[in-house]
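Please work from the sequences and hints to get the whole structure.
2 protein chains.
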Amino acid sequence: MPVDQNAAIEITAFRWVPEFAQGVVRDLRVRWALEEAGLSYRVRLLGQDRPPEYLLEQPFDQVPCFSDGKVRIFESGAIVQYIGEQSETLLPTDDQGRFRAIQWTYGALNSVEPAILNLLLVDIFYAGEEWAKLRRPGAEDFVKLKLKRVSEWLGDSAWLEDRFTIGDLLMITVLRFLRHTKLVDEFPNLSDYLKRGEARPAFQRALADQLATYAANQPQLEGEAA
Amino acid sequence: MPVDQNAAIEITAFRWVPEFAQGVVRDLRVRWALEEAGLSYRVRLLGQDRPPEYLLEQPFDQVPCFSDGKVRIFESGAIVQYIGEQSETLLPTDDQGRFRAIQWTYGALNSVEPAILNLLLVDIFYAGEEWAKLRRPGAEDFVKLKLKRVSEWLGDSAWLEDRFTIGDLLMITVLRFLRHTKLVDEFPNLSDYLKRGEARPAFQRALADQLATYAANQPQLEGEAA
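Residue numbers (the UniProt record's numbering), protein chains in the order written: chain B, 1 to 226; chain X, 1 to 226.
Hints were generated in silico from the structure; no laboratory data involved. Hints should not be assumed to be uniformly reliable.
What the hints assert, rightly or not - Over the 10 Å line for every Cβ pair with chain X, so calculated as not near, a few chain B residues:
no., residue
1, Val17
2, Val24
3, Arg44
4, Leu45
5, Leu46
6, Lys70
7, Ile79
8, Arg176
9, Leu178
10, Asp185
11, Pro188
12, Ala202
13, Ala212
Claimed, not checked - Coverage of chain X stretches by chain B, computed from C-beta distances (three or more under 8 Å per stretch; other residues unrestricted):
no., stretch
14, 17-30
15, 52-60
What the hints assert, rightly or not - Between beta-carbon pairs, the in silico distance windows are:
no., chain 1, residue 1, chain 2, residue 2, range
16, B, Asp162, X, Gly155, 41 to 49 Å
17, X, Arg72, B, Ala158, 15 to 23 Å
18, X, Gln220, B, Ala158, 46 to 54 Å
19, B, Asp95, X, Pro201, 22 to 30 Å
20, X, Ser87, B, Arg163, 26 to 34 Å
21, X, Gln86, B, Ala7, 33 to 41 Å
22, B, Asp94, X, Phe60, 22 to 30 Å
23, X, Gln220, B, Ala199, 52 to 60 Å
24, B, Glu19, X, Pro137, 27 to 35 Å
25, X, Phe125, B, Glu19, 32 to 40 Å
26, B, Glu130, X, Ser87, 48 to 56 Å
27, B, Phe20, X, Glu198, 38 to 46 Å
Note that the structure is predicted; figures quoted are calculated from it, not measured. We put the CB at the ideal spot given by N, CA and C, even for glycine.
Below, the structure written as structure tokens:
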């Protein structure tokens, strides 16, 4: 279990989030990468009461941030890539293999995730608003197109390239944002791919650790989260 | 002028796009990076008639793709990073400097661009639709929040970190998507930052070459673009 409050690596995470966000907050990606790499880490927990100075660490006021005494960075994509450079389990070392994997991190975060997060806006954050109802069919169609593209690329391969990489790690965490729908199930190879990623022991440990934090910090009363 | 049809580096680009997209299509990022690095490249032009096999190169059916005989990749963020590794003008070589720059590429493409592209959906692609009218105020507010975050981070610095990097290159191309609005002008330091990036000779050459291609391939009749 690499969560160790004496570890050199520190990440930031939220102390607690509402149920719809539990299991998908972006520190999960970094926890997963650290588990794959076998690197211990400690967690600095933040609430909704985080100080304005946090913007000097993370200008978008999000989690996770990462530091290991050598590098201090934010953006889960960059952090996962940095960890990947320390573990061949995550990232090949030859230029072609390395950049094929890196390309899929941008593919996951820029070509796929925005479409999926727009459906979350419609279904969760703005559910009930008139524009959200009118927009939903188009937003869903755009998600399906993205899923179709990834599904066709994947074919009967186990991973996006010839082995598991940080590109898969990020793509799988992006696909998880659709768990409130059955859209991934419409593409059986993509559904299998998602399950294949989630079955990795490193993912399971990362998820359990994120969820354990929320369970330990569950607010007693509605609205008490801080 | 590094456009050279005998160069080892090949990128893909569109032969022609409608005016609203001219000067912001993503091959601009790669052209700019290649100009900063002093690397010659050739362009393979694609139209709306591109073959289904193109999906084997670029699963999302977009431009640019990149190959140099050693590496074949897509996703402008990854391509710019790959070029950055070949030029200290674009990317520091120490771990902290390198990953601070890389973090900003993900920041530009994942924390800022999706908000801006959503405003483009509302203003350009779905202009006139009822949901777009209802959504516009919220979409604009979200863009303003992102711009405020970047503006506050930037303060009176010239660049996002202590020197120009691929992070700035991508952030500046992302901010350019707002040129149909005056939103960037509401943040004077961000407006100066955008102008500072666009004033770089390498950017100017890249932009001129992209626009020259469209001018040379302007369809004679509306709807004739292919």
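Subject >> Hints not upheld, ascending by number >> reply: Per hint list: 6, 7, 14 violated.
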